[in-house]
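Position chain B relative to chain A; hints supplied.
Residue numbers (my numbering), protein chains in the order written: chain A, 237 to 439; chain B, -18 to 653.
It is worth saying that the hints were derived from the structure and are not from the lab.
This one's a predicted model, so the numbers in the text were calculated from it and none came from an experiment.
Do not rely on the hints blindly, as some may be mistaken.
[To be verified] Listed next, the in silico SDA-like pairs over lysine to any residue satisfying Cα-Cα at most 25 Å (straight line):
1) K337/A to P344/B
2) K418/A to R542/B
3) K337/A to T342/B
4) K52/B to R100/B
5) K337/A to G345/B
6) K337/A to Y282/B
7) K337/A to V334/B
8) K337/A to R542/B
9) K52/B to V98/B
10) K352/A to F421/A
11) K418/A to S254/A
[Said to hold, decoys possible] Stretches of chain B that chain A covers, calculated by requiring three or more beta carbons in the stretch to come under 8 Å of a beta carbon on chain A:
12) 323 to 337
13) 482 to 490
We put the CB at the ideal spot given by N, CA and C, even for glycine.
Read off the chains here:
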Amino acid sequence: MSEFIFATAQYESGDWDSAPLVPANVIDSVARYTSIPVAPVGINVSLSSDDALRYPLLYLTGHLPVRFTQAERQVLARFLGRGGMLFVDDHNHDIDGAFHKTATEELARVAGPLVKLPRTHGLYRAFFVFPDGPPNTSHELNGWGDNLIHPDLLAAMHGDRISVLYSNKDYSSEWGYHPDNKRFFSVDNTRFAVNIVVYALTS
Amino acid sequence: MTPAHLLDRTRRALRLAAGLYATGAAAISAAVIHIMIRAFVGSPPVAATIPIVLAAAIAWWAEFRRRGASKLTLERCALWVEERVPTMQYALVSALAMPSTSPGLGLTVDATRWQVVERDALRRALRRTGVLLLAAALLWVAGSRVAGEAGGGMVSRGGPGGIGGTLRVRIRVTPPAYARLARQALDDPASVRALAGSSIEIEVSDSVATLRIGDHSLPAQTTSSGGRLARLVTPARTQALTVASPHGSRVVVVEVIPDSVPSVTLLRPARDSVLRAPTGSIPLGAVVHDDFGIVRAAFEYIVSSGDGESFTFGTGSVGERRLGGNRTGELSASLDLSAIQLKPGDIVHLRAVARDGNTVTGPGIGRSETRTLRVARAGEYDSVAVEGAAPPEEDKSVLSQRMLINLTEALRGRRRALPRDRFVAESARLARDQARLRRQVGDIVFDRLGDSPGGEHAHDETDADRVLTADELLKAAEEATKVESELLDFGSDETPVTAVNRPLLEAYNAMWDAGRELGIAQPERALPHMYRALAAIQRARAAERLYLRGRAPRVVVDIPRVRLQGKDKGVPSARTPHQPADTAQLTDRRRFAAALARLMATPASAIDSFLVLRVSLLDRNADAARALAAATDALRAGHDATGELQQARRALDEPLVVADSVSRWSRGSGSQ
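Bound-form chain B, shown alone:
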């Protein structure tokens, strides 16, 4: 073996030693950068590994170059040996420079066991590199604790490897095709947000791991790499995915993003309205929005015809538009009222409807507010209504007055044949009948005016002196109906109430005169008044009957009477008290406190409890759920989660809004 070959081996050894030194320096550099990132940034994201690797590479190359290993020639290598083995007296350098001219030098080189020097160099390099690597490892571990200790909080735990053990979970989410979203892959996530209907693949690194979603176990198959693979479709609501194995466990929140139904806003017509006539067309306008895309939209209408107990309905749609999956769109059309053959009294219920492209859980159908267009009935704009049925009191009065006239005319004919006292007695009897009839007419008038016949103006036969004249009665009637008169004044000097009652009031007055004449046995002089009263009653009978529009009569149930004076002792079924309204909130607080108490002793268990609590809070306390998500993320990363946990506690402690003034069923202030 020539000296050149021996030196080449030494050069490789020296380069190896330089590489070892460089490796130690690189490890120290990486650990330092790691400490800096943890101190100033917090939990290192995936991107934070780039500066660490970069710093390590630079340090390695710099140390390698500093050691001169990159330019280590055989001559430099020979001088390095000669420096450490002076007994060679430059024989090695000479042999390398003049290999063919000096064979004795080759013997000197062979005789010298200078390879010992290179082994010493390698041993030194190994020792120092080992020390440096150990120091770097210590620095790395210390760096992982920097953030938690610097925060001074109650929570500080190791890095990702400390929670969940060596178990690794990789999740791939494939959204439904209609959403046109990209697939996503996540490694060891704390939570996964997936659109409803997405396909989810869960790959676990442990071959004996079991998976559960909510309360149900998830079937899994063994992969070629020795792990477990499970698939599921996004559950209906947010649930916790639990992965458990002898090497650790993990909880991953599978958060469901629902596909919202389209939002539809009807712009035209802007409000409900009443149409005088069902002619022309009505412009329609609407805007629609959706989170993933709208397929089509249209205006829908229902036409209601009829009244009372008889209604018919017709439906239709106009202005349908295909939006091709756009997220927003506008609709415009016009509704031809003549085409849908509306009649007076018909009602058109109009709205806009949009359908999205959800082919998994949908389609989602969004509907706007409904506008109502009503076609006015004939005479609707009058302030009074005419009803068909009428009470028959006037008819009764007419017959009675006619009967009285007949009896009076008969009495007048028999005057000469009757004794005076009997004639007077019969006339007085007719006077009483006339007074009774007059009272009935007065009752009719007062009934119409809302007064009571037994009230202020009540009278009977013994109260003849206090009977009001027609003018007084009219004045009293107008005063009694002053408010209504003002409301119903049609511009003339007479209110409708007065107008409809005037013939009866005239009859009332004439009956009073007739009764007075009959009372003094003067039937001849009474008859003209009686004819006038009959004529007035006939006019009232022939008059148009007007009634004020009003509500149905209010029925007040007489409870004691219905209960037979309260002696009925029927007992209702036993009542089951409802749970207090805040039970769920109290339970949440207890679960939170229990998890918090476990946090120091068993952090992994506590984090899982927080995650499960978060799942149950999503739909009723979004603030607390959000704070818990942040807390669990921080805890998993080994960070201080004091602030997030405080936020969660505050959100859980939000006082309930309880309206103490509202009893469970008490008399309210609703309108009657």
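Bound-form chain A, shown alone:
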């Protein structure tokens, strides 16, 4: 079996590389908690390239407005149609912000409407169990961004599985630290990332 490679999606319009430490942190958690063969480094892949089709999970984040090019839309549609999963995180943790508005508009055009993901969804039990839904981030609890806690994630479904998982919780900031510093946490805050990876690989 080939090893899992964490892929970050590059797109033309925004700061796609605003969370450079998230991939290493997620990889560390996947390696730490699971026996999934995982590559030690992530990869950046252009969303307008067919290379994006090689990976089961794409991570997309940023602060700036998201306007996909036609090529990016086409590749993303093919990616989702082939069973890929796109995890989008609003680095602004701001539900009324430009990233949220533009990204949800673009994603709805490609993947269909984004709806609230019920807290009983299998994603929250794919590896660790999160009975209260998506874990809150310190940015939300500290009142940053729009000073709101966003209790639910949004998702676009492809059949009965998630094709696009959309978060306003700013996991990009929450998980944006060197994995060696994970030892200072009493509870690893990247455990939900493991659920996302396991769900993308097994559903």
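Showing chain B alone in chain A's frame:
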């Protein structure tokens, strides 16, 4: 009753007989024309009935005239009777010519039962007409089979009456008002194309018929004419309408024509760009198209300000234009950069947006590609960037060098009070400290140049002979950074890397000299070198710190270490294999083959299966759907559908494009 009255009755009988003969001839003519049309044209369209009716009418009139019925006078009628009843000896003609002069003739006429002759004529006419009508019917049926048999194909069936029984379906489609399209009425159609949001009326001739659209039954009401009437709005996607009754069944494909969103093309600005200064205005241009009409269009922009974790956004629109339902339009405007108060570093995301007049499922909103205009930051055009935080190694070195100078000056002051061997030992200790400090400075330089202190130029106290001089170190540094030097050359004879490191290199050289003098217990001669080293370090500390712009450090996770040397046996959730990608295609092929197998035995069922298959293929195999539509049309018309079915099979057998080289998650060639 006078002879004239009797002859008038005979004339009517003869005209009736002529009409019967003409009817037979007309039927034969119609059947012949029908055969010709089927043989040369194929399935007769509605318009093909015109020549058939015309030929029948001409034949009827020609035969009627040939029989002389149009000019049948009483005299001719009397001669016709006299010819067939010679015993009358022209009494009838005479009585007709001179009714008042010869009463005896009238008795002769009355006495003769010549009406028998006219009944015989009528019977003959009826017999011949019956034969002709029978022949015409046989010819008509034979003509209906002509096309299929002539094609020699595997499919040949009866006419429209043979499929669907006596059930008749009439469909009226009323498009939504905004589309400004005409209503259409279709009789017994195989498929109906309707714009999304259209109102559809289905009228069925059978009072007990049931209707289904897709998997849902359709409520219907009984009409005054004894049929059933149902109404529906165009479904969201193409579906099969099934009409079933004891007298037959029909499948009608209700094909949905979606109202496309407007197509918007941004012409100006043509590409993304970076603005040196946020002044002036930018011309904007776009063209818009729509299939039914555009209501309004405008340019939209978002201004992003800030960096790092702090961004603010503003939105706006310019150049809005109402297009009044035109199908095409042009937009032009200009964006005043001063008016939107751009600052250095701001980004303007610009696009054109158009809305159509769809009041049913819309409005459809079309958007152009987005252009990005960025205002340059100050100093952006430099090839290096200055960062605020800097490592404190120079500060550490300065303090250490000052400490060494203090200790050396103290040793120099105590020289007379100390025994010689102790003085030499203390000087040697200072020499070692000086060498250690020199090594730290060397590490700083090599760190900056990307080399490793443990590498080629590494050294320690026992390796004093191999310590490089400042010039050698500088030469090595320049060689090590040759590529970067060429890239970053600013036109002088010194690269930025060399320039920023020269004070440290001078300090390194001076420390080497100071260490040498301290090593031979000459602190007085070492002090000038130490002062020079301190001055050089201070210059380096005061210098502007330049760093090459680069990416974030690449973190490589040590998987075995994270997994505690691989002893962690965490097991992920069980994997559920995905369905093979071509399952749908295989299913389509099976459905097609099953329908084809039934075609000879139960053609109506097979046609319905083809139609249902066509519905499911519309959105994933348009070629096959198109071929199936043609095939079902031909089959319903009783034509040979071999070619169309072969096309459908070829389209269904199109091989999938499978990139075998791409595994589900393997290492790709994306950039790092």
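For each hint, the structure was consulted:
Restraint check: the Cα-Cα separation between K337/A and P344/B comes to about 19 Å, which is no more than 25 Å; the hinted pair holds. Between K418/A and R542/B the CA atoms are separated by roughly 14 Å; this keeps the pair inside 25 Å, and the hint holds. Only pairs whose Cα atoms come within 25 Å are accepted, and K337/A paired with T342/B is accepted, the gap being roughly 22 Å. A distance of roughly 21 Å separates the Cα atoms of K52/B and R100/B; the hinted pair therefore holds under the 25 Å criterion.
Proposed proximity of K337/A and G345/B is supported: the alpha carbons are some 18 Å apart, at most 25 Å. Using a Cα cut-off of 25 Å, the hinted pair K337/A and Y282/B holds, with the two alpha carbons roughly 13 Å apart. At roughly 15 Å between alpha-carbon atoms, K337/A and V334/B fall within 25 Å of each other, so this suggested pair holds. For the given pair, K337/A sits about 41 Å from R542/B by alpha-carbon distance, which is inconsistent with the 25 Å threshold.
Of the pairs offered as hints, the one joining K52/B and V98/B holds, with about 20 Å between alpha carbons and a cut-off of 25 Å not exceeded. In summary, the hint linking K352/A to F421/A is not supported, as the alpha carbons are separated by about 30 Å, beyond the 25 Å threshold. Among the hinted pairs, K418/A with S254/A is consistent with the structure: their alpha-carbon atoms are about 20 Å apart, no more than 25 Å. Residue count for the stretch 323 to 337 of chain B with a Cβ under 8 Å from a Cβ of chain A: 3. That meets the three needed, and the coverage hint holds.
Taking a C-beta to C-beta cut-off of 8 Å, the stretch 482 to 490 of chain B contributes 0 residues in contact with chain A, too few for the three needed, and the coverage statement is violated.
The earlier numbered hints that this structure contradicts are 8, 10, 13.
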